[in-house]
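S.K.: Chains as they are written, first to last, in this note's numbering: chain R, 1 to 137; chain Z, 138 to 896.
By construction, these hints were calculated from the structure, which means they are not laboratory data.
It cannot be assumed that every hint is accurate.
Per the computed footprint, the stretches of chain R lying under chain Z, defined by three or more beta-carbons under 8 Å from a beta-carbon of chain Z, are [stated by the list, open to error]: (1) 57 to 66; (2) 77 to 89; (3) 105 to 118.
Every residue, glycine too, gets a C-beta built ideally from N, C-alpha and C.
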Amino acid sequence: MSRVITILAAASVLAGCAAGSVPATGARSTTASGSGASADGAGAVFPGQPAPAARATAALIVQSRAERDAGNLGGAAATIERALSIAPEDALLWIELAEIRLAQGDRQLAEEVARKALTLTNTNSPLAARAHRLITR
Amino acid sequence: MPKKKKRRFGRYLFITTSVTLFAAVLYGFYLSWRVTSEFSARRWDRPAQVYAAPIELYGGRRLSPADLAIELARLGYRETTGSLASGRFRRTRDAVEIHTRRFETAGRQTHEQVARIRFSGNSIESLVDTGGRAIPILQLDPLLIGSIFPAHGEDRIVVVPEDVPDVLKSALIAVEDRRFESHIGIDVRAIARAAIVNLTAGEIQQGASTLTQQLVRSFFLTNERTWRRKINEALMSLSLEVRHEKDELLQAYINEIYLGQDGTRAVHGFGLASRFYFGKPLAELDVHEIALLVAVVRGPSFYDPYRNTGRARERRNRVLDLMAAQNVISTDTRTMAKGRPLGTVDRQSRESAYYAPFLDLVRRQLNRDYDATDLEASGLKIYTTLDPTTQALAEWTLATEIQRLEANRPVLEGAVIVTNPHNAEVRAMVGSRVTGFDGFNRALNAHRPIGSLIKPAVYLAALESDRHSLASLVEDGPINVTLANGDIWSPANFDDESHGTVTAIRALAESFNQATVRLGLDVGLTQVVNLLGRLGLDNLPAEYPSLLLGAFEMTPLEVTQVYNSLANGGFRMPLRSVRSVVDVNGETIKRYPIQIEQTVDPGDVYELNQALVQAMQLGTGRTASRRLPELLVTAGKTGTSDGFRDSWFAGFSNDHLIVSWIGNDDNETTGLTGGSGASQVFAGLMARLETRPYSAPTPAGYRASWIDFDTGLETEADCPRAVRLSLEGGDRPPRATTCGSDRARLGSRIRSWLRGALQ
Numbered sequence: 001m002s003r004v005i006t007i008l009a010a011a012s013v014l015a016g017c018a019a020g021s022v023p024a025t026g027a028r029s030t031t032a033s034g035s036g037a038s039a040d041g042a043g044a045v046f047p048g049q050p051a052p053a054a055r056a057t058a059a060l061i062v063q064s065r066a067e068r069d070a071g072n073l074g075g076a077a078a079t080i081e082r083a084l085s086i087a088p089e090d091a092l093l094w095i096e097l098a099e100i101r102l103a104q105g106d107r108q109l110a111e112e113v114a115r116k117a118l119t120l121t122n123t124n125s126p127l128a129a130r131a132h133r134l135i136t137r
Numbered sequence: 138m139p140k141k142k143k144r145r146f147g148r149y150l151f152i153t154t155s156v157t158l159f160a161a162v163l164y165g166f167y168l169s170w171r172v173t174s175e176f177s178a179r180r181w182d183r184p185a186q187v188y189a190a191p192i193e194l195y196g197g198r199r200l201s202p203a204d205l206a207i208e209l210a211r212l213g214y215r216e217t218t219g220s221l222a223s224g225r226f227r228r229t230r231d232a233v234e235i236h237t238r239r240f241e242t243a244g245r246q247t248h249e250q251v252a253r254i255r256f257s258g259n260s261i262e263s264l265v266d267t268g269g270r271a272i273p274i275l276q277l278d279p280l281l282i283g284s285i286f287p288a289h290g291e292d293r294i295v296v297v298p299e300d301v302p303d304v305l306k307s308a309l310i311a312v313e314d315r316r317f318e319s320h321i322g323i324d325v326r327a328i329a330r331a332a333i334v335n336l337t338a339g340e341i342q343q344g345a346s347t348l349t350q351q352l353v354r355s356f357f358l359t360n361e362r363t364w365r366r367k368i369n370e371a372l373m374s375l376s377l378e379v380r381h382e383k384d385e386l387l388q389a390y391i392n393e394i395y396l397g398q399d400g401t402r403a404v405h406g407f408g409l410a411s412r413f414y415f416g417k418p419l420a421e422l423d424v425h426e427i428a429l430l431v432a433v434v435r436g437p438s439f440y441d442p443y444r445n446t447g448r449a450r451e452r453r454n455r456v457l458d459l460m461a462a463q464n465v466i467s468t469d470t471r472t473m474a475k476g477r478p479l480g481t482v483d484r485q486s487r488e489s490a491y492y493a494p495f496l497d498l499v500r501r502q503l504n505r506d507y508d509a510t511d512l513e514a515s516g517l518k519i520y521t522t523l524d525p526t527t528q529a530l531a532e533w534t535l536a537t538e539i540q541r542l543e544a545n546r547p548v549l550e551g552a553v554i555v556t557n558p559h560n561a562e563v564r565a566m567v568g569s570r571v572t573g574f575d576g577f578n579r580a581l582n583a584h585r586p587i588g589s590l591i592k593p594a595v596y597l598a599a600l601e602s603d604r605h606s607l608a609s610l611v612e613d614g615p616i617n618v619t620l621a622n623g624d625i626w627s628p629a630n631f632d633d634e635s636h637g638t639v640t641a642i643r644a645l646a647e648s649f650n651q652a653t654v655r656l657g658l659d660v661g662l663t664q665v666v667n668l669l670g671r672l673g674l675d676n677l678p679a680e681y682p683s684l685l686l687g688a689f690e691m692t693p694l695e696v697t698q699v700y701n702s703l704a705n706g707g708f709r710m711p712l713r714s715v716r717s718v719v720d721v722n723g724e725t726i727k728r729y730p731i732q733i734e735q736t737v738d739p740g741d742v743y744e745l746n747q748a749l750v751q752a753m754q755l756g757t758g759r760t761a762s763r764r765l766p767e768l769l770v771t772a773g774k775t776g777t778s779d780g781f782r783d784s785w786f787a788g789f790s791n792d793h794l795i796v797s798w799i800g801n802d803d804n805e806t807t808g809l810t811g812g813s814g815a816s817q818v819f820a821g822l823m824a825r826l827e828t829r830p831y832s833a834p835t836p837a838g839y840r841a842s843w844i845d846f847d848t849g850l851e852t853e854a855d856c857p858r859a860v861r862l863s864l865e866g867g868d869r870p871p872r873a874t875t876c877g878s879d880r881a882r883l884g885s886r887i888r889s890w891l892r893g894a895l896q
């Protein structure tokens, strides 16, 4: 399990590096300049997970997984929420959160959180599939 | 006198003396018992300490070295060019080195460490530790923003002996009680000396109270000046000394003593005083700062560093002299310390009053789970969502904009709330234009008609009905609605004109009343009210047609809750001001995690938000938009109540939702619309925040095309009134043959030509 997440985290970092020009995910990132958002705004498409905060979020995912493995589900969720406050469009984080809620037995909340993840992914992505599994459970 | 009588008198004397003595001994025992039981079992009421959200530093974060230095200064970190120690930082050409503080959040201990933060331009490039290892993310100790103290006003932070600088202990002894280490609780020699000095001077220049007596006075007694109290004080001091070590007494003194006043709040203990006057922990105080606190002990009001600065400085220097004379510090240190300014933090930025509106919200959230005693006495630590930088900007912007708007108007008031729409955390709350004043909190408590702020709910209900899209046409013409009581309601537009057949997107962006009422009645009042509930409004308005134009009251906080659901793409999340509560043992006893529920179809909200983006570009928000950087796309809506009494604005970027209100407390007209008043606060604040343009991923089944703003027909990108809109597959309008507005103009020209020809 933890190997899987290490790989995921690494992939997330790589994705971040590869997508250097996409809008930054930093909590207070740019005042418009250099952002990839189109001028009409609402029409812009978000590719799964962008950029530079990726290293930070990846580290927090690893930490959250360790807390989950140690049975500290409340702490694991709080760690993911910490990551979400710097990268709220990261669908992977919402899915992690949904899985923790499910592990805590809160099926309803898990489903709602997964729905949120779904609005942030491309329809056919593997992340969307993970979200769908959480919803139709 | 006969022998018999003499003997009887002797007996009386004996009995009286015995009884008196016995009573005195009993009284002594009683005092001793009281002192011992109360003092040994002493547990100060520990008001809950409230912390802001911690600063997170990570590679990729947009933050300039200068802004980081400001954030660090706010936390009481000191810039140095010399060596680093906990609570200090140092700037080099392209990096900032911070020696962080040890702290505890949510039951987790974070150790102090030295981190080197490298910048590239105005962003953090990387963080490394002293061994050169990468630090993926670094959290700093959170800012203490206040405490929840009881009604009698006693606030304190209890410190442990390790946190007390030795210089402070020596200074207290040198200045207040030179023979503390040797006396028995009262200092007879000092009393004699003081008596002589005071007699010769003809006024009271010296007191002779030992630290123990001062402690007893503060701990057990009232402040009356009677002989009885003096005797009690002496007796109690003696019994304390018998039963307790000097160290223990001094430590108790440091936590107990009164050191200042802040409105109704009494500052007790050096731990809190250090935060209160200097904005940093006691352990980090310099000699001149310690000397000031010791100076204040003698008369927190008389030597108030804010009100009686000159006097406080004189007394501080006197304390420094005494410290040097007693070899607590060297004469060199004394000279240097005397040259330093008082070093107190700006009165404006002092925590308690400053963050009062937000603390109201914190208390409101906690009151559901905790009673007053839990909060006021049991030493809880409350970790909140407040972002001090956003808070400071919001306060400054509201005050500045109101001042500007007020130039030829009656006195205005205002409120601002800022959230992070994705997790519904409240980042800032301003309840009045005057900060540092714990008064009426308009952000929470001003119930005001919301005017056109309601309109997005009407259009969203229309989109939900599946009978309308943003490209649908609505008639903006005179309308008469028969009310339940038989009256006829005929709403007019703001400019008193009707605009004919218009697109829904234009009607919302330009806030046309007649089109909105027509659309709302078509969709149904029940549907609109039901939707408001799903968006997070608890106190639903009655189903009168006038609700479609916002003729009902909401508080800024309620507006924020509703708009947060829009900014969050149709997900309702209860707004949060507290993340977690930690008890006195460091255990997390309560978390307030993200609660989320999809209550509106995200596709419909996505579509609606495109109209709110156009409101900023072509509609009532366009003057505000001009103050924003060109690429900073925002979505927003103005609101104006009848008679210009209330000026509202609610709008969001990707990272910030801002709701602002301007009006008068006595409900007089302001002469402001949402667009000329509150939207200026929105724009002024948004322009200064580090924020990203509003953007949302296109939902499945939606396709983007260029739509003519006036006709709703699909058109070309280079047509003058073309806007980019993503509509649900089936809602795609027919194609125009020419640019829509040209066509419309051509059509109306033909029509008027025909009319002219036919007449």
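S.K.: Look at each hint and say if it fits the structure.
M.R.: Each hint, compared with the structure:
Proximity of the stretch 57 to 66 of chain R to chain Z, defined as three or more residues with a beta carbon under 8 Å from a beta carbon of that chain, is established by the 3 residues found. By the rule of at least three residues with a Cβ nearer than 8 Å to a Cβ of chain Z, the coverage given for the stretch 77 to 89 of chain R holds, with 9 such residues. As drawn, the stretch 105 to 118 of chain R meets chain Z at 5 residues by the rule of a beta-carbon pair under 8 Å; at three or more, the given contact holds.
Violated hints are absent here; each numbered hint is respected by the structure.
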